[in-house]
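Got chain G; can you put chain L on it based on the hints?
The listed protein sequences correspond, in order, to chains G and L. Sequential numbering of the first sequence, starting at 1, is according to our numbering. Sequential numbering of the second sequence, starting at 1, is according to our numbering.
By construction, these hints were calculated from the structure, which means they are not laboratory data. Glycine included, each C-beta is placed from N, C-alpha and C at the ideal position. Just to be clear, a hint being listed does not mean it is correct.
Stated by the list, open to error - Going by beta-carbon spacing under 10 Å, a handful of chain G positions derived as facing chain L:
id, residue
1, Ser13
2, Met26
3, Tyr36
4, Thr63
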Amino acid sequence: MAAVDVTTGILLSEAVLASEWFGVLMAFVAINTIMYTALAVAKSLPKVHVGDYLPRRAYRSETRSIHPDAPA
Amino acid sequence: MTATPTQTRGEVSPSRLRRGLLRLGGLLQRAVGLVVLGTAVFASLLLLVLANTDAEPRFGRPARRATVGLWEVFYDTEAPSMRVVLAAVAVALLLAAGVAWLEQRIAIRYRRSFDPIATPLAPRVVMGETRGVFAGPVTVTVLIPAHNEEVRIRATLQSLLAQSVPPQRIIVVADNCTDDTVAIAQSAGVEVFPTVGNRDKKAGALNQALAELLPEQGENDMVMVMDADTVLQPGFLETAMRKATDDRALMAVGALFYGEEGHGLLGMFQRNEYTRYARDIRRRRGRVYVLTGTASMFRPRALRTVAGSRGTLLPGRPGDVYDTAALTEDNELTIALKSLGALMASPSDCMVVTEVMPTWRALWKQRLRWQRGALENLGAYGITPQTARYWSQQFAIAYGAIALLTYLMLIVLMVLALDLWIWFPFWIGVGLVFVAERIVSVWQGGWGPRVLAASLFPELLFALYLNVIFVKGVLDISLRRRAAWGHVPATAPPGQA
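Bound conformation, chain G alone (with noise of 0.2 Å):
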């Protein structure tokens, strides 16, 4: 394994890269991409929803169906 000096590119010189400005635009995405890939691994995993496990009070005093003589 061996250091490699990179110095010319194919459009641009490579003194862009070391550029201050550049390094904050690699860091601006740097941690937007961190961001939206945290918001994704959210996504792909199965929600869970909180409510299910706690226990529920029965909350419905009457029915809310069309016919007056439903059950709750």
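Quick look at chain L alone, frame taken from chain G:
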């Protein structure tokens, strides 16, 4: 200008004040796009400043070389510090959770509210007004607004007639048709309602039909509005009717929509979008973003109340169900109903398959209308609890546009400035995790969509195309360019061409 006798110097007359307010309102409506985009740019600049303090020259050191079999590869182990990674993850998840929490709080607040004046469609108000009365079983009347839909309307009608519980009435609202739409409808044995002198497109056509229909409808005589380019999936009506029977406070039932087959890669891009959207709604357990114009069912009370609230609680012309000024009348009606406290749901069994745009040009027109319509609706309603979620979605689109653009810029710059390919193991790992979500979210679409999702960049470029449309929409609103509805001439659905 002369002052009225009672007016002293420096006072403002009510009419002048009103004119001033209207002008301010108009200005705000024009500025809606800039507010959204400006906020996203501000957030980006804030992050850039933060990034600046954390930035260090990343390419000061040379890449490493390794040999993999016969290949020589160059790699760079550059990775952000753990502190930065954790902070970014925390911010993203907190933001997402915050928006979800806020939306839920607001929904619960309206579900429990009892204010017949401000929220006449809130469940408690409706329950109180319908308590102990049986207004008859649930029936369905379907309205299909159609403007020259001879190519597609047959399939739409067939899908309705083939439902396990067919609708009681089907009415094709023929709007300035010059083709065989009316003849096809008549031969299928359904009713036809021709519009008279309508210049307000779909919204105007539906308003005319609803003005005649609504006064006859009882409490449980549901009205379904569906597009003529859309096909209902089996079981739709049965499920929607059951929901309407079980909950008399339920004011509307929406649909999950999927894209029809065909139209190559462009079609697949759109299908993947729709699949992901439907998956989102399923994961939200049917909580509605938009009661889609492709097919949604309403309780007549909801539509009557909207019509009666326009000009006071809601924007629009008094007496109109649909706001004819809105480019996206379905989105506007959804916000109108939510503003009045209405309960709505999009059950997972209520599915439709709808047209996808056959060309990039047609897609441009459709999305420009959607995007502009969504922003204009927000401008018309302002920032209210019920629109908070929609505002956050627009901010997310704007910020996403900036994030995607800078991401692609960075890659292009690196490709152009390096003469050899360097691998970044950390970022490859991150990319793979990201791609996994893209694949998982279209999994049910089959192998084609999965492969497209796995290749990532085509979909990113498609997203870029939609982002350009977003920016164009913002510019058009701000510069007050005339909006076009952009009717796309129907193309034959696959298998019928």
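Status of the hints after comparison with the structure:
1. Ser13: Holds - the Cβ of G/Ser13 comes within 10 Å of chain L, reaching about 7 Å at its closest.
2. Met26: At 6 Å from the nearest chain L Cβ, G/Met26 passes the 10 Å test, so the hint holds.
3. Tyr36: holds (7 Å)
4. Thr63: holds (9 Å)
In the structure shown, no violation is registered for any of the earlier numbered hints.
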